[in-house]
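Chemist: Each chain, letter by letter, is given below.
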Amino acid sequence: MLGRPVPLKHLSLAMLDCDAPIASDLLASMRVIHLIENRHHQILGEFPGKRYQSLYQKLENRLKKVLHHIDEPITTDAPSGPVSLQALQQAEQEIYDLWKQLSAHEEQIRITHEKSQHHKQLANSLSRFENLNIDLSWLSSDSPFLKFFIGTIPHNELEQLQRALSLANTVVDPFHKSAAHHYIFVATEKSHQQDIEEILKAASFHELTIPDELRSRPQQLREELQQQLSSNQQLTDHYQDAIQDLITTHQPLISKALTLLRGASPFATIASCLSGRGQLVILEGWVAASRIEEIDQKLQSRLQHPYLLTFGTPSAGEMSTVPSLQQHPRLLDPFKKLVNQFGVPRYGEVDPTPLFALSYTLMFGMMFGDVGHGAFIILAGFLFRKKVSGLFTFASFAGGSSILFGFLYGSLFGFEHLIPPLWMSPMSDPTQMLLIALIWGIGFLTITHLLSIANLLAIDQRAAALWSGRGVSGLLFLFGGVFAAYRYMVDQQFALLELSSIFLPLGLILHYRWDTIEGGLNEKILITLIEGVDKIINNLSATLSFLRVAAFSLNHVALAAAVFTLAEMMDPLGHTITLILGNLFIIVLEGGIVAIQCLRLEYYEGFSRFFSGKGERFTPLKMETH
Amino acid sequence: MPLQDNSYILTRVNILAGRLIPLQDWGRVIETDLDTLQKKHLCNSENPASSEIEKQLIDRALADFQLLFRPFSGLEREMLNYAIHWYELFNLKTLIRGKFSGRRETEIERELVDLGPFALLPLHTLLDTDDPYEMLRLLEQTPYSTIVRQARSIFEEEGQNLFALDAAIDRHFFSGLKQRLRYLSAEDQQPLMTVYGTMMDRLNLLWLIRYRFSYQLSPAKSYYLLAPTGKRLHSGKLMHLARMETLQEVIEALPASLKQLLSQAESLTQIENLMEHYTLQAIDKILKSTQSGITRVFCYLLLRESEVRLLQAIIKGKALEFDEALIRQAVGVNH
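As you go down the protein sequences, you meet chains P and F in turn.
Heads up: the first sequence at position 199 corresponds to 238 in the numbering used here, and the numbers run straight through without jumps.
Heads up: the second sequence at position 21 corresponds to 31 in the numbering used here, and the numbers run straight through without jumps.
The set of hints was computed from the structure by calculation and includes no laboratory data.
Any given hint could be a false lead.
[What the hints assert, rightly or not] Simulated pairs of lysine-lysine, DSSO-like, Cα-Cα distance not exceeding 27 Å:
| hint | chain 1 | residue 1 | chain 2 | residue 2 |
| --- | --- | --- | --- | --- |
| 1 | F | K65 | F | K50 |
| 2 | F | K188 | P | K216 |
| 3 | F | K65 | P | K97 |
| 4 | P | K653 | F | K65 |
Throw the hints in and build the complete structure from the sequences for me.
Modeler: Printed below as a string of structure tokens:
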């Protein structure tokens, strides 16, 4: 039941460059290879797929920009095989031309939007200009000595601008303040005009052109501005329509490019791992040992030229870099996701997914045993199955376990008397429940220690497997502690034998730790002492941590009892409503807490003791979908 | 900030600041051979002239900043996060310049700094743009939108006017920083404003000299492009300095301490080096004396930024086998 990741072999495929796209297409369709950086990069020194990869990335990037304008999904054909460099180049150019046209329209929309903002500003401030105590005709008249500007600047620019322009004998007069801008009037000597214009531009000055009609025909000016605004809107609509027209006209082109991109993805992905010299290229990766023959056969049937295919077993030094391929029945997928939230098992390490699935399910049921609540969880999982992938399977496991323990406890929607318990109600003997939880915890911790020993041996750390806190000594320390506690609680004995059962294994652990600490004597003493105390506390707290399994089963019954007490205080309708709402409350709140508590026990009392989670997931080369 | 957190920060910064290269030791650093320098300051890098050096040095600095920022929250955290974006402005300038001058993506990418968790700019998306206007449209959706609008108008009106763009971006940054300093408590604000003012004195003086005498800008435009919020060089003083016609006149018109410091300086590079040394000394002094945790972190941030910059220059210079005297001159070490 406790599997290790699938055994892998190191694949090295030497072939002619013209066969590389075919090989990549084949390996991608088989989804068998986890690519790695080529070890021959330094010797061979050439990267034959670089140009292809660069073109692929450009096409992908540009297509993304084009697809940004499309709401409906585009239908694509299945790729008909490897894509040539020329085909990719042509598609890239065509999509670039299309994007250029789209971008030009986008820029026009932006400019039109800015114009609209300007016109809106002008329309909003017309009354301000009407009240301005100057003859506006001056502003546009060509004076031989003076130049005037009227416009807006952001608030934060005013002070700095006023000071700066005072150095050029220029007047800056703010005559109105809006939410974002100051309206200013600027008067300067003609000789400074160019300098002032540059400074104003740097200050994000937006000039407002005041038409002569403002004084004589303000209503007409307002109408004209409104016309401008509506014409801007029409212009924006026009460009947006043009974008849509372009998209519609070029839909076949986009669809074709997407198909090409999909077909090109295997070789583009392989390209970064492909090195070669002249016509020879080499590809390397990890494949499942069980698929070696199949790979060879398919390569023989598809490649047009001779090739050299070699496989190697991972060496001890490579173990930490070999990816981890976890294979489980699909039923365990949701549990695998939860395990991978903590980390991926390293190659050679025990994959905890099946153990996790079993222990999690059992603990959940023990803590939340109720036939009705379990059935409700399954129903909820079924109803929301499309929202969260794997939810129904997970809910079926957890709910199924709840139903099973519900029958054992004789509990149905909190009613403790409707069905006879096959075992006992938790409240009938809380001490026994706590004792069972303690035994469960000791069993759980024993298994985690055994797994830890197996994992340490798998990576050839024999001394650690024997002497460390995660090894045999750690396990003996756990057993010694349990034995001493049992003797003390049952026989009231705590003498030399009990003390030795704790401190002998602890001594072994600390001795081993002493040897592995690098540093001065004081540092060694300090670390060993602290870790010794920590080890004792940690083992004690980890074992007691499992008491929560019983505590929650008692809590479940107690919560139901509280709901019933409340319901009994109501009239018949209130009674029914309280029971329904109370049960919902228990399912949502307590169910959620139990789910999290189980996960906590698994992660912190389980995984952290034996599972590094530092593995790399096996990621097979495959056809990318766009 | 609670007292215990402040004590923690003061201690933390002291430990980290103790690892900074003292100002008087830079001469010795220049004399050190490249291998020793790399071993001491970098994890590994086969090609010391590559951008890998910059990346490693900055990554380490950012990791330290992350550690120091952790105890802060609210406005203090916001101010520190803002301050760290000084690094990101380099990226912004590089991107805008690079795209407008039609440089290749790979070339631009090599000069960009990866700010990791502090990054606000979607660098790869921006790099992937096919023309500068597309990039500006995308930049307008980032927190730098105000700067971008200004950059667009500068480019559209003044073409490849790089210093105007730099000035616009820097001015916007410093005004934002000052605004954030104002929100802090009085006991933090006072020392922070001193640091800020010292830093601005240096930058404003250098910018002013550059604008007036290298780019020959008018007094008005030179003054406008500054961020006049210094400690000794306040806005009135800077307006006065902007009217000066020669470098010597500017130096003569400076406040006594700066005048004495720069009295022998003849070139902008000399002034730049002297002012940097002077500013770093002042900041170092504040770091050692202040009891404000956030001020100490801010001082450390500035000193570390300068250390990273100088180390990069020295290592690159050595990798390119430049003369030691030239490296000394470039990093402003004359002893």
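Chemist: All the hints need checking, so say for each whether the structure fits it.
Modeler: Structure-based check of each hint:
no., hint, in the structure
1, K65/F <-> K50/F, "holds (15 Å)"
2, K188/F <-> K216/P, "holds (23 Å)"
3, K65/F <-> K97/P, "holds (26 Å)"
4, K653/P <-> K65/F, "holds (25 Å)"
Comparing the model with each earlier hint shows no violations; every hint is respected.
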